[in-house]
Amino acid sequence: MGMTYVQKVLARACGKPSVDVGDVVEPEVHLAMSHENGAMAMNQFIEIYRDTGIDMKVWDPERIAIIYDHRIPAESSKTANNQKKLRNFVVEQKISKFHDIRGDQGGICHQILPEFGYVRPGYVVVGTDSHTTSHGALGAFAFGVGGTEMAAVWTLGRVLNVEVPGTIKVNVNGKFPAHVGPKDLILHLIGKITAEGANFRVLEYHGDTIRNMSTSGRLVICNMSVEAGATSGIVPPDKETLRYLKDEAGVKDKIETFAPDPDAHYEQTVEIDVSDMAPQIACPHAVDNVKPVGDVAGTRIDQIVIGSCTNGRLDDLEIAARILKGKKVAPGTRMIVFPASWRIYREALKRGYLNDLSEAGAVVCNPGCGACLGVHQGALGDNEVALATTNRNFKGRMGNPKAEVYLCSPDVAAASAPSGVITDPRAGGR
Amino acid sequence: MSEVVLKVGDDISTDIIYPGRFMATVLPTETPQYAFADDVEFNRKLNANEIPKGSIIVAGQNFGCGSSREQAASCLKGWDLVIVAKHFARIFVQNSINLGLQTVICPEYDADEGDELEIRGDVLVNHTKGKEFKIVPHAPARQAIIDAGGLVAYTRARLLAKK
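Line by line, the protein sequences are chains A and B.
Note that our numbering has the first sequence beginning at 312, numbered continuously upward.
Note that our numbering has the second sequence beginning at -1, numbered continuously upward.
None of these hints come from the bench; they were simulated from the model.
Incorrect hints may have been included.
[As the list claims (entries may be wrong)] For lysine to aspartate or glutamate, the following DMTMM-like pairs were computed, each having C-alpha atoms within a straight-line distance of at most 25 Å:
1) Lys639/A - Glu658/A
2) Lys713/A - Glu114/B
3) Lys713/A - Glu116/B
4) Lys706/A - Glu39/B
5) Lys84/B - Glu658/A
6) Lys396/A - Glu28/B
Here the structure is a predicted model, which is why all the values come from computation and not from measurement.
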């Protein structure tokens, strides 16, 4: 029996010819990423070495990335002190891939990793963030772990006791209609298979729609694969992967790619045709509570958010700027934009997108996780409603358990700004 | 025997267990105060020490979905609670095992707040309802870490073995 993509990655990372689903393996880690919560990993790392008499050293300072994004610039002295401690640790341990609070190289971890060419096809990537699944867009097996697990990786360079996951194949075909795209596709899929439909399994994406999709779009799909419970979402690498890594991420060295075997075993195959898909909305308070936009059109919105590791890239800002140029955000509605990285921010500035958005009334924040998880900027008031291009709408997510969050594409978010109600971005609706 | 002190439904996210606005707090000694912070009454009982150690939370499917934040496991471990669920989200159950928070997978259980439960090997006994339910064992990969007393101890042993 052939191997799925994730089986091939794990076999290579274990130095074995093959692995079977359910095997317990200890794969080598190619990249270990943390953000502010690296502070937790650091505390546990110190704990692991306590009283061992062994010199405390991370296994490979070149393979660790620390990217500050969750609370930047620090909102409190507590955060500032955690950032300070971890910054000192980065210096002591000579960790090379460190992205501090800086306009020349900062941003959200899940944008920085691809943008700086840190991820390659076939890599095993772990991150102390559930949306680490994003990096499957480049053909990595990338998954979220907790701080203690990360401390173990920093110590041994391997993830301990990984069970080779089963795989669900997702075949996506058809051409997206206007104003429908990757975000609608992934919301539709999550609605279809539910928030636990892929728990402990990998979603492997295939089909013409995926092959014709930019890496930016693939990042959206892999990013939100975790919302179906998936350990990872993976697009097996192709020409577009190589184009992105060489042209956009500036990777110079040779990039090796491989594909799943044709006779690999999939636990399930999901077929999706996007040709007639409507813009999709995830309604409060669950990411799998997905409806076509028409079902909730007219819902009054207090705050619109465009940004995050899901939809804060240049194409997302372009869509929003194109829709909002010359228009105004409705009175009584706030609009917050936070680009995914400073590279994107500067490019959006050059192209005039940020100008168009701020003239329309949007507040453009610095790149970072911002309003998405309610720890820093853009918290909601009681009984307020947000429409956001972010990735979660759980109760309390945007800083207030008495508020509601609807998730959508940048098209829907921007189209809803002038009216202040959820609006179908397609001309005249449908 | 331990009492069920809280019953929750399906898809309880880490934003419910440990709201994002408290994420700047990372120390396991400090996170317990914010456990289920938005369930004001339950959180009050915890902080008033009205809930004995070993008490049980029962949950539906996919408990702990969402963020990888380890605080969601450490805050419950701090009160020595036991979580019984139909099943758990991957990162949460791994974090729980790594930190030594007891998680019990019991797809068929029937229990309500106030019921007295007992975990007897691979069986969950509901003494109040006079019923027994089969517990699904953790996968061997995770059981090894439970047996070692958590991932810090497990990793330390591996580190020392390498020396």
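Notebook entry, point to check: So which of those numbered hints doesn't the model satisfy?
Noted result: The structure breaks hints 2, 3 and 5; every other hint is satisfied.
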